[in-house]
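Colleague: Sequence:
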Amino acid sequence: MSQTATLQREQGTDLYSILEQEVRKDPSGTCALLFLYCAGESPGLEGQVKGFFNPLSGLHGEVRKDPVTKTLAVILPGMTLDAAHYQALLLKQLLLEMNENYDPRITLAAMSDAPSPQVLKQMAESARLSTSPDIHIFTEDETGADTNRILIVDNDTTVREFLQIRLAMQGYETLEAVDGLEALELIPKWEPDLVLTELNLYGIDGLPFIYHIQQLDVKSPPKIVVLTERRVEQTISQCFQNGVDDYVTKPFSPVELDARIRRCLH
Numbered sequence: 013m014s015q016t017a018t019l020q021r022e023q024g025t026d027l028y029s030i031l032e033q034e035v036r037k038d039p040s041g042t043c044a045l046l047f048l049y050c051a052g053e054s055p056g057l058e059g060q061v062k063g064f065f066n067p068l069s070g071l072h073g074e075v076r077k078d079p080v081t082k083t084l085a086v087i088l089p090g091m092t093l094d095a096a097h098y099q100a101l102l103l104k105q106l107l108l109e110m111n112e113n114y115d116p117r118i119t120l121a122a123m124s125d126a127p128s129p130q131v132l133k134q135m136a137e138s139a140r141l142s143t144s145p146d147i148h149i150f151t152e153d154e155t156g157a158d159t160n161r162i163l164i165v166d167n168d169t170t171v172r173e174f175l176q177i178r179l180a181m182q183g184y185e186t187l188e189a190v191d192g193l194e195a196l197e198l199i200p201k202w203e204p205d206l207v208l209t210e211l212n213l214y215g216i217d218g219l220p221f222i223y224h225i226q227q228l229d230v231k232s233p234p235k236i237v238v239l240t241e242r243r244v245e246q247t248i249s250q251c252f253q254n255g256v257d258d259y260v261t262k263p264f265s266p267v268e269l270d271a272r273i274r275r276c277l278h
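In our numbering, the protein residues as written are 13 to 278.
Hints in this document: simulated from the structure, not taken from any laboratory.
Certain hints may be false.
As the list claims (entries may be wrong) - Each computed EDC-like pair below joins lysine to aspartate or glutamate, with the alpha-carbon atoms no more than 16 angstroms apart:
#1 77 x 32
#2 37 x 74
#3 235 x 257
#4 235 x 203
What the hints assert, rightly or not - Restraint-style ranges between C-beta atoms, simulated for each label pair:
#5 219 x 171: 19 to 25 angstroms
#6 26 x 159: 24 to 30 angstroms
#7 76 x 263: 40 to 46 angstroms
#8 80 x 101: 24 to 30 angstroms
#9 214 x 275: 26 to 32 angstroms
#10 214 x 76: 35 to 41 angstroms
#11 265 x 26: 46 to 52 angstroms
#12 80 x 203: 16 to 22 angstroms
#13 60 x 98: 14 to 20 angstroms
Glycine included, C-beta positions come from ideal geometry on N, C-alpha and C.
Could you put the whole structure together from the sequences, leaning on the hints where they help?
Modeller: Printed below as a string of structure tokens:
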């Protein structure tokens with residue numbers, strides 16, 4: 013490994029320790045954190061974000077960059093989560109107006125106690141790995157070492173958003189995929205404990221999708237819960253024969269879905 017690559021990795025690790033110290037020094041006792049990631053080329057992004065949070069604009073935010081992942085971290089002293097969310101929406105709109113190819117992914121958090129460097133890095137990763145354009149609110153429930161990870165796979169934005177909110181309320185860490193191909197790319201990288209999936213997907217769907225999940229090279233194959241509009245008895249039977257752990261049809265009871273997920277994971 014080159015000296016430059018080694019230095020970048022050390023700087024990336026040190027960044028989160030520096031962020032922790034800066035949050036701890038905040039005299040207001042409340043502090044919002046914003047993590048921003050744009051896939052692909054994003055020339056000038058850091059400067060544009062710094063310009064947005066310039067004190068002359070009425071805002072103050074310390075902007076730092078992870079040299080390894082290119083994720084930007086912004087510390088917003090004294091700002092509540094609601095205020096930070098509003099500013100994140102404005103920032104996202106500004107970036108898209110400047111360059112429609114930016115495709116920003118944003119994670120927000122507001123905590124009274126300074127999170128550890130490991131938790132801060134987890135927040136940054138949630139932005140980098142996000143497949144949803146929606147701003148993700150990182151909750152304290154997601155910081156637990158034993159938090160189960162659930163990958164939500166559905167091409168319906170409304171369904172994904174509902175499930176993400178519902179599962180976050182239950183203390184699960186979530187990630188979203190809009191189709192089967194994207195899900196198959198995310199599973200080896202993120203290693204979810206459970207995949208909650210529709211069968212009607214773009215690219216690859218149904219039983220072939222289930223089969224490909226089980227063939228992935230991962231340490232521990234995820235549990236699979238199907239949440240679908242398909243009600244054909246033969247399809248349900250084939251899913252269970254092919255290793256699906258549970259099958260729920262839409263429309264569904266959120267309470268029942270909670271119980272079935274807990275049963276699969278525990």
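Colleague: All the hints need checking, so say for each whether the structure fits it.
Modeller: Consistency of the hints with the structure:
no.: 1; hint: 77 x 32; result: 14 angstroms, holds
no.: 2; hint: 37 x 74; result: 13 angstroms, holds
no.: 3; hint: 235 x 257; result: 6 angstroms, holds
no.: 4; hint: 235 x 203; result: 11 angstroms, holds
no.: 5; hint: 219 x 171: 19 to 25 angstroms; result: 21 angstroms, holds
no.: 6; hint: 26 x 159: 24 to 30 angstroms; result: 26 angstroms, holds
no.: 7; hint: 76 x 263: 40 to 46 angstroms; result: 45 angstroms, holds
no.: 8; hint: 80 x 101: 24 to 30 angstroms; result: 28 angstroms, holds
no.: 9; hint: 214 x 275: 26 to 32 angstroms; result: 30 angstroms, holds
no.: 10; hint: 214 x 76: 35 to 41 angstroms; result: 37 angstroms, holds
no.: 11; hint: 265 x 26: 46 to 52 angstroms; result: 48 angstroms, holds
no.: 12; hint: 80 x 203: 16 to 22 angstroms; result: 20 angstroms, holds
no.: 13; hint: 60 x 98: 14 to 20 angstroms; result: 18 angstroms, holds
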